[in-house]
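Asker: Can you make the complete structure from the sequences, with help from the hints?
Chains as they are written, first to last, in this note's numbering: chain S, 1 to 273; chain W, 1 to 406.
No wet-lab data here; the hints were simulated from the structure. Mixed in with the good hints, there may be bad ones.
To be verified - Simulated crosslink set (EDC-like; lysine to aspartate or glutamate; CA at most 16 angstroms straight-line):
{"id": "1", "chain 1": "S", "residue 1": "159", "chain 2": "W", "residue 2": "30"}
{"id": "2", "chain 1": "S", "residue 1": "12", "chain 2": "S", "residue 2": "133"}
{"id": "3", "chain 1": "S", "residue 1": "187", "chain 2": "S", "residue 2": "217"}
{"id": "4", "chain 1": "W", "residue 1": "108", "chain 2": "W", "residue 2": "34"}
{"id": "5", "chain 1": "W", "residue 1": "9", "chain 2": "S", "residue 2": "133"}
{"id": "6", "chain 1": "S", "residue 1": "159", "chain 2": "W", "residue 2": "31"}
{"id": "7", "chain 1": "W", "residue 1": "9", "chain 2": "W", "residue 2": "30"}
{"id": "8", "chain 1": "S", "residue 1": "159", "chain 2": "S", "residue 2": "116"}
{"id": "9", "chain 1": "W", "residue 1": "224", "chain 2": "W", "residue 2": "372"}
Just so you know, these numbers come straight off a predicted model, no measurement behind them.
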Amino acid sequence: MNRIEETFATLKSAERKALVPYIMAGDPDLETTADLVVELDRRGADLVELGVPFSDPIADGPTIQRAALRALDQGTTLRNIVGTVGSIRERSDIPIVLMTYYNPVLAYGIEDLCRDAVRTGVDGLIVPDLPPEEGGDLSDACRRHGLTVVFLVAPTSTKARIELVGRHTTGFVYCVSLTGVTGARGKLADGVDEFMALVRSHTDRPLGLGFGISSPEQANEAARLADGVIVGSAIINVMEEHAGEPDLIRTVGEYVASLRAGIDRKNPVTAPG
Amino acid sequence: MTATALPDKRGHFGVFGGRYVPETLMTALDELLEVYEAATRDPVFEDEFRYFLADYVGRPSPLYFAERLTETLGGARIYLKREDLNHTGAHKINNTIGQILLTRRMNKPRVIAETGAGQHGVATATVAARFGLECDVYMGTEDMERQALNVFRMRLMGSRVIGVDAGSRTLKDALNEALRDWATNVRHTHYIIGSVAGPHPFPLMVREFQSVIGREARGQILEKEGRLPDMLVACVGGGSNAIGLFHPFLDDEVQLVGVEGAGHGLDTGLHAATLGQGTPGVLHGAMSYTGQDANGQIQVAHSISAGLDYPGVGPEHSYLKDSGRADYVSVTDDEALEAFELLSRVEGIIPALESAHAIGHIARIAPGMDRDQIIVAGLSGRGDKDVEQVYGFMDQERVDQERMEG
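Answerer: And the structure:
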């Protein structure tokens, strides 16, 4: 069992839900990224998604697009992100998955990437533009190297596709909460309960719910439906608001702690508005 | 498997093509493929498609013997397949007619499109107006400035033009934004991709809609010359007019030559020669040659022609290149401008800057060919849209000088 599967199993037996923050690696720079991961771990994250910047991020809304541009302007590459994970490992054992578009993976070389990623302590990959149909090469390589590959389902996925994703994903199923791209939203999408019930009835894998979740209240709601709650753009919004401030890391940490509290709250809260 | 039988069921041309898109779009692509395949088996669809191509677009387009161009270059006999004479002035409308008919079959009330030069945007706005569908066109703000009149044309026909300020603010970014819109509104929106690029089934479907170019050209050249041409030449951005011309000749002994934009020159890095200089990668939903750096970041293309200014290319072209069935060359901005002038002066035909790239290559090779050899060039569009831009580029003094001496 790898670190990601262990995490979900441990949480399940404790009847807790995973908090999965996403940050863009290299935004504002890789040193800060490393410090942030350590802070996220300390503030109650169970798994961290490190975004890999790409020039043409078709699944992302404006917030993550901007973060990717900032990271690219810093010269961030998949190669130095993998290296940064190695330095994070001196300070934290939190499971880390890289969320990357497929082209940087191909440019690195699937085999080389898997080898280097395992060596520095990466636990898995999420590739939002790689459906299982095209994911054979990556899945095979990851299996051989002991890396997790997370595939995604969306509200538009048919039952047959949910089953397909369930068979191919390892670690967990990434459930896209809404029909659209990443970005903070005011509330969870309509119909997300039915969607999650449908996914649950077609796979036994742990379910992570992401896209649009932006407040402790929404995180609480999401935690009732899923095994893990993924928050990305909302964290990056906090980082943008406090860009350049000396206590940026602590500010982000406090925000993530508020998400943790939201997820752990036992009584449902009514979201404002 | 022969080249004409491709793509396979999953949309692969050898290692190229496929579907590299977010899961949200996968079901819509399945639905599109299903509706498209049903339509190809339905004679009613075929009749509708033919009717609109004939009475609305004005097909068949002529295959014109360019006698003075042939004389001037002094070699092979040159024919022009006149897609510039189509309604809206380019080959793009062949595809938008096909896709708007499919949109109706899917009962979707809204279409979106991306556009670079504006030709595909105009062709989409045109059919959206004709069929009364809502239409939003994504266009890089840089391109909106370069092609202000096309922006007005689209708005005149009732479409919204949405400026894209992201990235390089050109065609590639417009495509990104259109894909994001599609992922958001996929339940009631069809995305009319303008080239043989994108995820399966777009490269297949757009090729089939554009193959009317090659089918007509094949019949026309047999009628005029009693034999097939020796060579086909067409410009390649995404590559839809080239595939449309080439495809009906794939099994024939006819040389196929695609011409990419070499921009300021291949050695300057400022070019759009994706097949010539790029490497295989994944961009906009398909595996194909791509202009990218060593880390897999997509590079900004450069060409004087906004329609060729794209760091990707349709996957079937990548397959034709690697299999050796087609050759891909490139023509610089300057060579294209010379060809633009040449065709205007000797034939009274002002070509689109895209199409001028094909003429530019012909100007290089035709003089060295025998007088009984035949070239068919894809004249994909008319140059009206480019006249203002070219006016700005040309050395006005030199033009005047030549006229006085003339």
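Asker: Which of the numbered hints are not met once you compare them with the structure shown?
Answerer: 2 and 8
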